Amino acid sequence: MTSRIPRRLLAVCVLVVALVVLPVVVTIVQALQGGVSAATSALEATSARTLLVHTVLVTVAATPICGVIGVAGAWFVERTRLPWRRAFAVLLVAPLTIPAFVTSYAWASVGSVFQGFFGAVAVIGFTYYPIVFLLVAVALRGLDPALEETAQSLGLSSRGVFFRVVLPQLRPALLGGLLLVALDALVELDAFVALKFQTFSSDIYAQYRLGFSASGAAALSFFSIVLCLVLLFGEARLRGNANYTRVSQGARRTVTRYRLGLASVPVLAFLVGVLAVSVCIPVGMLIKWFTESSAAGRSTAASNLTYLWPATYTSVGFGVASALLAVLLALPVAILAVRHRGPAVTALERAVYLSFALPDLVAAVALAYFASHWVRSLYGSAFLLILAEAILFLPFAVVAMRATLGQIEPVLEDSARSLGAGALSTLLRVTAPLARPGLVAAGVLVFAFALGDLSTARVLLPLNLYTLGTQFQTYSSSVAFAAAAPFAAALLGLAAVAAYLLMSRFGEVRGLGKESSS
Amino acid sequence: MSDLRCEGVAKSYGGRVVLSGVDLAVPEGTLTAILGASGSGKTTLLRIVIGFLPLDHGRVAVGGTVLADAGRVHIAPDKRLIGYVAQEGALFPHLTVAENVAFGLPRAQRRAGARVLEMLDLVGLDRGYARGRPHELSGGEQRRVALARALAPGPRVVLLDEPFSGLDAALRAETREAVQQALAGEDTTAVLVTHDQAEALSMGREVAVLRGGRLVQTAEPAVLYRDPVDLELARFVGEAVVVPGYSRDGVVDCELGTSLPVRGRLLQGSVQVLIRPEQIRLSQVDGVAAEVVGSSYRGADKMLRLVLRDPAGTRISARTFDDDLPANGETVRVEVAGSVAVFSEEER
Numbered sequence: 029m030t031s032r033i034p035r036r037l038l039a040v041c042v043l044v045v046a047l048v049v050l051p052v053v054v055t056i057v058q059a060l061q062g063g064v065s066a067a068t069s070a071l072e073a074t075s076a077r078t079l080l081v082h083t084v085l086v087t088v089a090a091t092p093i094c095g096v097i098g099v100a101g102a103w104f105v106e107r108t109r110l111p112w113r114r115a116f117a118v119l120l121v122a123p124l125t126i127p128a129f130v131t132s133y134a135w136a137s138v139g140s141v142f143q144g145f146f147g148a149v150a151v152i153g154f155t156y157y158p159i160v161f162l163l164v165a166v167a168l169r170g171l172d173p174a175l176e177e178t179a180q181s182l183g184l185s186s187r188g189v190f191f192r193v194v195l196p197q198l199r200p201a202l203l204g205g206l207l208l209v210a211l212d213a214l215v216e217l218d219a220f221v222a223l224k225f226q227t228f229s230s231d232i233y234a235q236y237r238l239g240f241s242a243s244g245a246a247a248l249s250f251f252s253i254v255l256c257l258v259l260l261f262g263e264a265r266l267r268g269n270a271n272y273t274r275v276s277q278g279a280r281r282t283v284t285r286y287r288l289g290l291a292s293v294p295v296l297a298f299l300v301g302v303l304a305v306s307v308c309i310p311v312g313m314l315i316k317w318f319t320e321s322s323a324a325g326r327s328t329a330a331s332n333l334t335y336l337w338p339a340t341y342t343s344v345g346f347g348v349a350s351a352l353l354a355v356l357l358a359l360p361v362a363i364l365a366v367r368h369r370g371p372a373v374t375a376l377e378r379a380v381y382l383s384f385a386l387p388d389l390v391a392a393v394a395l396a397y398f399a400s401h402w403v404r405s406l407y408g409s410a411f412l413l414i415l416a417e418a419i420l421f422l423p424f425a426v427v428a429m430r431a432t433l434g435q436i437e438p439v440l441e442d443s444a445r446s447l448g449a450g451a452l453s454t455l456l457r458v459t460a461p462l463a464r465p466g467l468v469a470a471g472v473l474v475f476a477f478a479l480g481d482l483s484t485a486r487v488l489l490p491l492n493l494y495t496l497g498t499q500f501q502t503y504s505s506s507v508a509f510a511a512a513a514p515f516a517a518a519l520l521g522l523a524a525v526a527a528y529l530l531m532s533r534f535g536e537v538r539g540l541g542k543e544s545s546s
Numbered sequence: 034m035s036d037l038r039c040e041g042v043a044k045s046y047g048g049r050v051v052l053s054g055v056d057l058a059v060p061e062g063t064l065t066a067i068l069g070a071s072g073s074g075k076t077t078l079l080r081i082v083i084g085f086l087p088l089d090h091g092r093v094a095v096g097g098t099v100l101a102d103a104g105r106v107h108i109a110p111d112k113r114l115i116g117y118v119a120q121e122g123a124l125f126p127h128l129t130v131a132e133n134v135a136f137g138l139p140r141a142q143r144r145a146g147a148r149v150l151e152m153l154d155l156v157g158l159d160r161g162y163a164r165g166r167p168h169e170l171s172g173g174e175q176r177r178v179a180l181a182r183a184l185a186p187g188p189r190v191v192l193l194d195e196p197f198s199g200l201d202a203a204l205r206a207e208t209r210e211a212v213q214q215a216l217a218g219e220d221t222t223a224v225l226v227t228h229d230q231a232e233a234l235s236m237g238r239e240v241a242v243l244r245g246g247r248l249v250q251t252a253e254p255a256v257l258y259r260d261p262v263d264l265e266l267a268r269f270v271g272e273a274v275v276v277p278g279y280s281r282d283g284v285v286d287c288e289l290g291t292s293l294p295v296r297g298r299l300l301q302g303s304v305q306v307l308i309r310p311e312q313i314r315l316s317q318v319d320g321v322a323a324e325v326v327g328s329s330y331r332g333a334d335k336m337l338r339l340v341l342r343d344p345a346g347t348r349i350s351a352r353t354f355d356d357d358l359p360a361n362g363e364t365v366r367v368e369v370a371g372s373v374a375v376f377s378e379e380e381r
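Chains as they are written, first to last, in my numbering: chain A, 29 to 546; chain B, 34 to 381.
Careful: at least some of the hints might be erroneous.
[To be verified] A short list of chain B residues far from chain A (calculated; beta carbon distances all over 10 angstroms): (1) T98; (2) E151; (3) H168; (4) P294; (5) G302.
[Unchecked claim] Stretch-level coverage of chain A by chain B, calculated; a stretch enters the list once three of its residues show a Cβ under 8 angstroms from a Cβ in chain B: (6) 435-442; (7) 450-462.
For the record, the hints were derived by calculation from the structure and aren't laboratory data. Model, not experiment: these values are computed from the prediction. Just so you know, even glycine gets a beta-carbon here, dropped at the ideal spot from N, CA and C.
From just these sequences and the hints, can you work out the full model?
Written out as structure tokens, the structure is:
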């Protein structure tokens, strides 16, 4: 039973979507300004077909890896009596919060195994599976145990229960997670640079660096816009009418956890293997860099420590600011998507994903172009970078909030309204407090991505500032690994905190309490 | 407190009519129960009155103030001063019991806490619960807190949506009593929505029966039970024995007896006769012979299933309070006590 969509909510959501679509529109205008001939010549100059094939192949190969690791990991952590599963849960989320460029530099330094296509697939597969993991874990916690018990009583084995009862119910969460992964893979750039793998994004990057042919780069972006739209419509068709993480309401029932017995050994081996690739290599690299730096004399590392504090300060500042802004922008969209139905709702909610239509770099250039032409006061300001990062990572914030908001019973908001609380007052006194873990998770997610953001910072960072990421990149690209080490250490430390917060807050509702983990 | 009036309320979803022409008047300080099966539109009506749904036609007014008038007026739910007790209470899990009860009070009163204690007393809850959390309470206690929360701001009308669902029988009776007392204590105008006929008949000053989106009858419980407007309603509000008969001059003849007095509408000719099972008494000497084909023990009362010795083999039920029930296959004699209601033959 859906009531009318409040006009104010609708208006706010339209504004948010307008912000998201702004870079796309600016880019299209830029591309057309260069004239059709300039655009076509840019497309001809680059081996467009190879790039297209590269991009699509990476996406197609990496997405299933995320699906398998994400679903398997979530199942083992949530539904088995696996030892140390709490620790595993945090560690399994960590790859998402470790900046992708740190991971890819670490892999590149391990050897050529991880370079090229294989490395590109691996970096997407092993750093983005936690999105699937988090969403599926929430869905698993919300499943009605009675369904599995009934299936068992009808004679299904535990394998049969998983494939015929559990997996179909996870479909909306799984598809939602895979969509995010695929969209992100399309426009990933930072991770691919170190791995020397060419996709549209990296070619666009080259276009900007070489001749700063804005229109040529913009023309190339048409491809990513089209691919993004194809994915969005494809997922919508696959998903059909299934609801997202709309799970059981009220008090959480205790779920049955399966005893793994001897099967624990291969399962532990699988999880440790995943973590070895995704977490141990970056951490191991860091340790190696530190030991090398002490061997080569402390001077290089020590001289850089003067930059460490300002860089950390700037990174955390930008991260927190864009996280807060993203939470503010995402909340109305998430509420609209969870509480209302209809074509307008679907269109607005989907439109937020258009922030994936452009590689971050292109979006940043578009915003800079927009500011320099129409809002001079914004040009070169810190706020523009904050805005760009909030917009670019908005879909993650929306998804994180939906996972929590979907579990808050609408009747609680109805009760508040009947007690005289207005719409805004209900949001502040009931919805937001209950959704606090979800808001924190959304903010932490955006914070982590902002920390791992290089492309946008490259274009929009105010001139006199530097971040942990830019410092790391400066030194590591000039093979001054010892000098890069302290910045990598700070990034990994922040990533660990983010991973812990993310795991403990994602998809939780305040007051319902965690299920007793026995 | 004020009276509640719904006039010609109608609502459709995508071409499906959910409510049509609903006229309801709840006098000030009384409780009206809206009784309906699932899908009858009772929840929709309730949501329209609170203001969660706009109506297509008609209007809703409380104490003379129009709250909703199709296409013209739609006061927001938070401005209507209508209390709402949702199914299973819907207490805010992040707040304590006291904070829940104080939720609808003005800021200054929220702090003071006097009203909260007053409300806990009203619904018969120990003041010690005030600092507890909703999940520490039993189902019945949660419903009481929900009522206290709804009553605290002094609403003009309180709507209760199946407030006793999911409670076991003993707790249900106890909670029902506490709610009744609290509502009476505040002289509250209230509407209770339920699918349980016993609950509706026992709690409502008046009972309004909603069927297929229409109010078929609004009457005091006794009138509804004894003189329902049609046979479907008769069966809905309680168990019914319906047999064919021939009516003339205020009496009716049927298989179960001759010259039975008719109450309510008087029809002439062939009719259907409504008899409640408790009117059918076992008799040692007089009456119609019937064979016992089954019996169910229900505690205080027992229900006997009987087949009459007539060519049609009419099946009837009799409610009895006797402790020794006749065995299956035994023949008993039955007669009808009191007056009966008659309906035209076309009704089913």
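**Request:** Hey, is P294 of chain B genuinely clear of chain A, shortest beta carbon separation above 10 angstroms?
**Result:** holds, 48 angstroms
**Item:** Given as non-interface: T98 of chain B, which should sit over 10 angstroms from chain A by C-beta
**Value:** holds, 15 angstroms
**Item:** Non-interface claim for G302 of chain B versus chain A (Cβ beyond 10 angstroms)
**Value:** G302 of chain B is indeed farther than 10 angstroms from all Cβ atoms of chain A, at 47 angstroms.
**Given as non-interface: H168 of chain B, partner chain A, CB spacing beyond 10 angstroms** = violated, 7 angstroms
**Item:** Verdict on E151 of chain B as a residue remote from chain A, using beta-carbon distances over 10 angstroms
**Value:** Holds: least Cβ distance 17 angstroms, greater than 10 angstroms.
**Request:** Check whether three or more residues of the stretch 435-442 of chain A sit with their beta carbon closer than 8 angstroms to a beta carbon of chain B.
**Result:** Since 4 is at least three, the answer is holds.
**Annotated coverage of the stretch 450-462 of chain A by chain B, confirmed only when three residues or more have a Cβ within 8 angstroms** = holds (count 8)
In terms of the numbered hints stated before, the structure departs from hint 3 and from no other.
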